[in-house]
Amino acid sequence: MENESNKNWWLKAIQTGLIGGVVAVLVSLIGMVESFHERDIIAGQITMGETLLLLIVVTVSYFSSRGAEDTPLSKRLTGGALTGLVTGGLVAGLVLLGKVVNLRKVLVNASPNLYKILTFENENTTTAVMVLLVAGVAIGLLTALVHVIPLILRRAAISGLTIAALIALLQDLLRITLTPFPKITEAIAWMFGSRGEEGLSVSGAITVFLIVTILNYLSSTRGDSIRIRVRALPTRAQQGLRWTSWLLLLAFLLIWPWIAGSYLSEVTNSVGIFILMGLGLNIVVGYAGLLDLGYVAFYALGAYTMAVLTTTGGEITANFHWTFWQALPFAIFAAVLAGVLLGIPVLKIRGDYLAIITLGFGEIIRIMFLSDFLKPYLGGSFGIVLIASPTIGSFVLNTPQTLYYVILAGCMLALFVAYRLRDSRIGRAWKAIREDEDVAQAMGINLTTTKLLAFATGAAFGGLGGAIFASKLSTVYPHSFVLLVSINVLALIIVGGMGSLPGVIAGALLVFGLPELLREFSEFRLLIYGALLIVMMISKPEGFLPEAVHKRELHVEDNAGETAGA
Amino acid sequence: MRQRFLNRINFTDVTLAIIGAALVSLIIVGSFKTLAEGNYTTRQWLDFVVFGIAQGSIYALIALGYTLVYGILRMINFAHSEVFMSGAFTAYFAADAMAKAGFLRENTFVAILILFAIAMATSVLIGVLVERIAYRPLRRAPRLVPLITAIGASFFLQYTFKGLYGDQFKAYPEIAALKGNYAWGDLNITKIQIVVIVSAALLMLGLYLYVQYTKAGKAMRAVSEDKDVAALMGIDVDAIIVRTFVIGAALAGAAGILYAITFRQVNFFMGFVPGIKAFTAAVLGGIGNIPGAMVGGLFLGLFESVGPILFLDGLDVPAPYQLKDVIAFTLLVLVLLFRPSGILGERLAQKKA
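Taken in order, these protein sequences are the chains called A and B.
Whatever position you read off the first sequence (first residue = 1), add 193 for my numbering.
Whatever position you read off the second sequence (first residue = 1), add 693 for my numbering.
Keep in mind the hints are simulated off the structure, nothing from the lab.
Check each hint, because a few of them may be wrong.
Among chain A residues calculated to face chain B with C-beta under 7 Å, some are [claimed, not checked]: (1) V301; (2) P305; (3) E459; (4) D545; (5) I557; (6) L567; (7) L719.
Covered by chain B, according to a simulated footprint, are these stretches of chain A (three or more residues, beta-carbon under 8 Å) [said to hold, decoys possible]: (8) 223 to 234; (9) 293 to 300; (10) 491 to 505.
Since we're looking at a predicted model, the values are computed, not measured.
Glycine residues also receive a C-beta, built at the ideal position from the N, C-alpha and C atoms.
Go ahead and model the full structure; you've got the sequences and the hints to work with.
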């Protein structure tokens, strides 16, 4: 194996380069490069679109120049350069092709603007192609050189670059957040592009990069000693430290909407509802291993129950006029009931069949809500309007900043329930079912009640999320409850790590929060989700923040798989 | 004896029986009332049936792709609906160009063959790529993993094609030679329906002969029976799996063209609903079973076109056609509950799944 890969290393380099080239051409043709080009990372210097292309070349040349520890530098350099050349060559090929044929008749995004970006605004085709090739080789060589840098420093530098890019992307939000503090705003104004421009300024980018890199370097070289010192503290003090950090976190969460302002609170609220649903689906999929693609049904039922019970107007016949708090238990109950009702028929069905049936169930619910058949009760495609907002006393919680507390309370409750359930008797039963249903049954676990409880608990969280969602928007339409919602939630728990609670939160922030903040991303959200699901499943099936046990299991399986394969 | 019988029934079975009985009686009452009211003529019923068969043969062609892959890999190729979409969507540009050049009118037969070739080639390319990139690395992974990858692949493809070709509906050109219809008494068939039914039948016959009577077909059956033993017998399992994906994708591409000339509209999301329906058809006929997919497809097509009117019109449900997907999915649930093996299949859902 090792010999073979050594002999054909240049073929491998070309192959990697081809993959990179195809990816680069594809992201250009689907419009990502052009759309990302609108936003600057470093004001006036480099845009997000260019960064994307750069990132592709760097990634492929990094892989092709990696090799074993003792690979000679010359080989790494040639490998990286070759890969960069091939990738650049394919992009140049696209540019040439675009000059000869009008691709735009078929491929809507092959616009003149795209060619301008790809050729760095060179009018002359020959120069443009030469520039692309040279740039490919240069980036490949530079990337190969990265391997010379020691690992710790490399990691620190990568995190520095990532954080700098992230700050550059989110800088307008950062600045809005800081407006109440004019002194700080003024003090750091030099870091950002001048007025009207996006991204960091050159000096700002370098500063952020250096600070983060040095901090990261220090924490990875000195971090261990600090951790050891903390561990050496008496238990009491350790506990105190932990409690203090929790209290600080709680205090931060409580004042967050007032720091963040109305827009960011709104985004936080959406993320919060997705965290709620993620926690629910996490119980069904992550704990019990029942792949449910119709999770949106419970969300929809919660929302519609809330809507029907509290609406004060519109075309529908319902006439309850309840308050939010009166309706909430019923919304959750409706979802739980649906969870059990769906659960009973599908108890015997396993794996992929379950996925399809639940998907069908979700669609049935949506089509019913949309149909003329139920229109007198549920409003058909016009939905239900004027849904009550939560109130405390005479105080109506209807702004993003006040609704935040309702959602925060919901998330806290759900988090607490999920956390307590995880290692409880029922939680262990769920995990046993996830690993092997037959063995679990043989061990005396009642499959019927255990599975139904998973469905019911998951549905309860979904219903709660739906109810809050309905009163947050104060309207519900069937179109809010499409399959994509289920897929969003599934994507977030998989990215975070199935079965892991911090994973749900991280996943929701990453998968839902980030695209919400970056309008360029939201256009390609599902494309990125799709790619993310594939990549995660192939390279990191346990997710970014995995549950400890699950991670161990997956890696045992890996080892077993390797032995079986050999 | 009685005691043993009582011991064997449990809560879930009873609930299932009640649900099933309720649905069946609803269907019977509904159909009876519809027929008794007699709002529809024989001619209309026959129209529904013909439409159902044409629709069903498209479902059957797509269902074959699910069934073939499931038979060999025991996984639902969720991205198959996008394989179907990619062919029809790509061939649109050829159809449009040929219509503008007048070629479609002068040489309709050749033009349609070219469309088939383009759609099938695109679908095969996409199908093979999906297998290579998304499924092959996960051959030995736990079952949930390839399924999630498949969902990812499905969304990735949908939005890639949206990015490439745009998000509007594209209207396929009208084919002059296929306008009009034939009528025998009350039976009324449009030319397009004839083309759809005949080409689907030919393709399915070809597939059946291939799988049953060629050496490669024998190898496919062997791999689907037992991968490891087949490998020991000198069969290149990976090559057979790729071949299965190629055949399934080619059929889906052909189905894409038939769908496009029937409904004359394509866009990036067109694969979703037919994909789910075709999967339902595959389960209905017994997944992993080739004749089963054909029977299931036809059955589902008929059920869907006749069902809403027959079952729901008598119950005074307004606009019953809006609920045709509900009927299809309910049928899927019922089949999985009461006969998971499907009409022709072996018992899979509980045993091997």
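Hints and how they fare:
no.: 1; hint: V301; verdict: holds, 4 Å
no.: 2; hint: P305; verdict: violated, 17 Å
no.: 3; hint: E459; verdict: violated, 25 Å
no.: 4; hint: D545; verdict: holds, 5 Å
no.: 5; hint: I557; verdict: holds, 5 Å
no.: 6; hint: L567; verdict: violated, 10 Å
no.: 7; hint: L719; verdict: holds, 5 Å
no.: 8; hint: 223 to 234; verdict: holds (count 3)
no.: 9; hint: 293 to 300; verdict: holds (count 3)
no.: 10; hint: 491 to 505; verdict: violated (count 0)
The earlier numbered hints that this structure contradicts are 2, 3, 6 and 10.
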